[in-house]
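**Q** Chain by chain, the residues:
2 protein chains.
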Amino acid sequence: MEMRFSRRASAVKRSFIREILKVTQRPDIISFAGGLPNPASFPVADIARAAQTVLSRDGAAALQYQTTEGFAPLRAWIAEHYNREWNLGVSPAEILVTSGPQQSIDLLGKVFINAGDRILLERPSYLGAIQAFQVYEPELVHVPLSEEGLDVASLRAALDEAPAKMVYVVPNFQNPSGLSYSEPARRAVCDALRGRDALLVEDDPYAALRFRGTPLPPLRSYYGAGSVMLGTFSKTVSPGIRTGWVCAPPEIIERLVTLKQAADLHSDALSQRILHEYLTTSDTAAHIEKIRAMYGRQCDTMLSAIAEHCPSEVKYTRPEGGMFLWMTLPEGVSSLRLFDRALAVGVAFVPGIPFYVDGGGDNTLRLNFSNSDEARIREGIERLGKAMREELAAPRR
Amino acid sequence: MEMRFSRRASAVKRSFIREILKVTQRPDIISFAGGLPNPASFPVADIARAAQTVLSRDGAAALQYQTTEGFAPLRAWIAEHYNREWNLGVSPAEILVTSGPQQSIDLLGKVFINAGDRILLERPSYLGAIQAFQVYEPELVHVPLSEEGLDVASLRAALDEAPAKMVYVVPNFQNPSGLSYSEPARRAVCDALRGRDALLVEDDPYAALRFRGTPLPPLRSYYGAGSVMLGTFSKTVSPGIRTGWVCAPPEIIERLVTLKQAADLHSDALSQRILHEYLTTSDTAAHIEKIRAMYGRQCDTMLSAIAEHCPSEVKYTRPEGGMFLWMTLPEGVSSLRLFDRALAVGVAFVPGIPFYVDGGGDNTLRLNFSNSDEARIREGIERLGKAMREELAAPRR
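If you read the sequences in order, they're chains B and A.
The opening position of the first sequence corresponds to residue 0 in numbering that gives the first Met the number 0, with each subsequent residue numbered one higher.
The opening position of the second sequence corresponds to residue 0 in numbering that gives the first Met the number 0, with each subsequent residue numbered one higher.
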């Protein structure tokens, strides 16, 4: 029998990163390629205690089907978290619990995107979003991202050129760049979007992981109601417990719920209860402070090793939080060729190409600092610096 | 801002059943409307023990991201289960762990269905499958289902009329009808499909819940490799732990993995480990035997109460397993009108209409027997019989 796959099945490629990760799992490779939280940060004992409490207290209720919207106390906790941190006036009815941000983005694509619809994304942009959206065959259009945030003149030009259905942004410690939007940029982006028909989608998985500088309000604070915010417990509790959320106006939640029902009925119910129990009975502030300090040290170690070992022609971002930093090689130097050379000396990263939808990014690369200890970071960057010097000295093709 | 939803968001309706369930949650209502396993059957203590073992033994590994394909030992267990039970020669590479059958069906729709593609389904058919497929805008075509199974002459006629992309069937204790395919029907359906381009999708959530008769091999035993089988732990362990699987040829698994990656990266990792620990360290055979005996008693109680209390013009199926039975009222009697009358006397069911894609089924209804104890079943059917006699005596509109 000949397989006749759908058009969308041919449109979506297997993640380049996941393919790279297979190569880089050799124990002799120091890998900055992945995007994993540091497992040393997982609250294993607290989760074990929460699991016991939930199963002994809630019994069979913890193992039964539940509503698509999510475990009600967890939805309330998430709404309250926005109100406590930023006074956003979010109600639990505006929260849909999902199986992580990847599903949140997929559901938004399902609910909003017809083939050919225009979506604006940062340049470079989060690969998972590019992949999730591509299933729905949109036109993906980049808007340049700088040290200040999304370039507002370019955003206005892109909105004027043709109507956009959606604008997808990651304002804090973006993956892959590590860049954040300044306060004026947040305000200006919202001003540019106000009165347009484009839906603002603000994905904020790393907000809690700020290890430098001052926390800035989400775009929603400037934009007002009507935008969509995405969040997750992947970086602060556990990514294996696949739980994230969408915060959106009720008429959007209603559509998302209908399509989530068709997609998987609801997210794992036992995990939602365990997570809620953990959040309400553990010292989560101290736990997050521990992660911040850990990632801050690891980022600093990487930055100082780069300053010491990498050629001065190589530019790089200095993140105030999150898990990634971004390097730009001199024009004409290929990060794909550097990748082969780096692998030969036992270090790996992600070449920048997959984060671009316009064929650019050949001279860029992403480094993850969350999932290596400081000794391996120093050693890995020293190896990378060596590979870079060789590549820069090699004849350009 | 005006919301501009996608075409597919308008194509999919919120589940009629979920809406009904809201009405029927009043404590004075005896509800046969839901589709819930009996919580008395959940192995709470064994799951609690498994959770402790996993977290204390595997530690942070149980909370980290994992591969999209699923927890490798769980994939191996599922493959081995097919080989032990039916000698199917399945390898772990043919298994993708999903967040339950609803996601399995959604992913198959994503990978195979372009708008307008033809999918053949039983008449009546599983509502969750209808909803999941509708997202991809197919042409859904019914093939009649009888006491023997899918009507093979009608299947051949439907295949001859126009090429079908997929044939979706539930051969054991189907939801909603409670009907199963006989051995000759299994063979004949496979003969009719062999050599055609239509992909055979065999959804089998209830196989383990047989309380009468002889277990029959899956269609795959007759069809040979090339078909797709769907399974779940929802009915034998816990539906709240959202874990099911697809068993399919590697080239299909490859595409499903790519689109699952874009949809949610992977299913809950902690739950997969807990489930695997439970499956390999508990007396699951004794546990399933307990569920079988319970559902068998509940089904028998419902059948004898129907014989005693319901008008003889009302026909009904006599399931050999599963969770549902199906009633057919005399032609011209509306189960929607009966629903209102039944609710007034404190009993609920699901009117049959949503299980049909051709506008039929108005005189049919589904009863669930898994989630009520025997006393409530007797009382509920007595109430239902009263409502039926009233409705049959009322002037037909």
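Hints may contain errors.
Which residues of chain A face chain B? A few of them, derived with a C-beta cut under 7 Å, are [what the hints assert, rightly or not]: (1) 15; (2) 19; (3) 43; (4) 52; (5) 59; (6) 203; (7) 252; (8) 254; (9) 257; (10) 262.
These are computed hints drawn from the structure, not numbers from a lab.
Every value quoted in this text rests on a predicted model; they were computed, and no experiment measured them.
Backbone N, C-alpha and C define an ideal beta-carbon position, used for all residues, glycine too.
**Q** Evaluate each hint against the coordinates.
**A** Each hint, compared with the structure:
For residue 15/A, the interface hint is violated, since its Cβ never comes within 7 Å of a Cβ in chain B; the closest pair sits about 11 Å apart. With a cut of 7 Å, the hint placing residue 19/A at the interface with chain B is violated, because the nearest CB-to-CB distance is about 14 Å. Annotation: interface hint on residue 43/A holds; nearest CB of chain B at approximately 5 Å, less than 7 Å. Because the beta carbon of residue 52/A sits about 10 Å from the nearest beta carbon in chain B, more than 7 Å, this interface hint is broken.
Evaluation of the residue 59/A hint against chain B yields a held restraint, the C-beta minimum of about 4 Å falling below 7 Å. Residue-level restraint check for residue 203/A is violated (minimum Cβ-Cβ distance to chain B is 18 Å; threshold 7 Å). At a threshold of 7 Å, the smallest CB-CB gap from residue 252/A to chain B is about 12 Å, leaving the interface hint violated. The beta carbon of residue 254/A comes within 5 Å of a beta carbon in chain B, closer than 7 Å, and the hint placing it at the interface holds.
The interface hint given for residue 257/A is met, as the beta carbon of that residue sits about 5 Å from the closest beta carbon of chain B, less than 7 Å. Taking 7 Å as the C-beta contact cut-off toward chain B, the hint placing residue 262/A at the interface holds, the least distance being around 5 Å.
Taken one by one, the earlier hints fail for this structure at numbers 1, 2, 4, 6 and 7, listed in ascending order.
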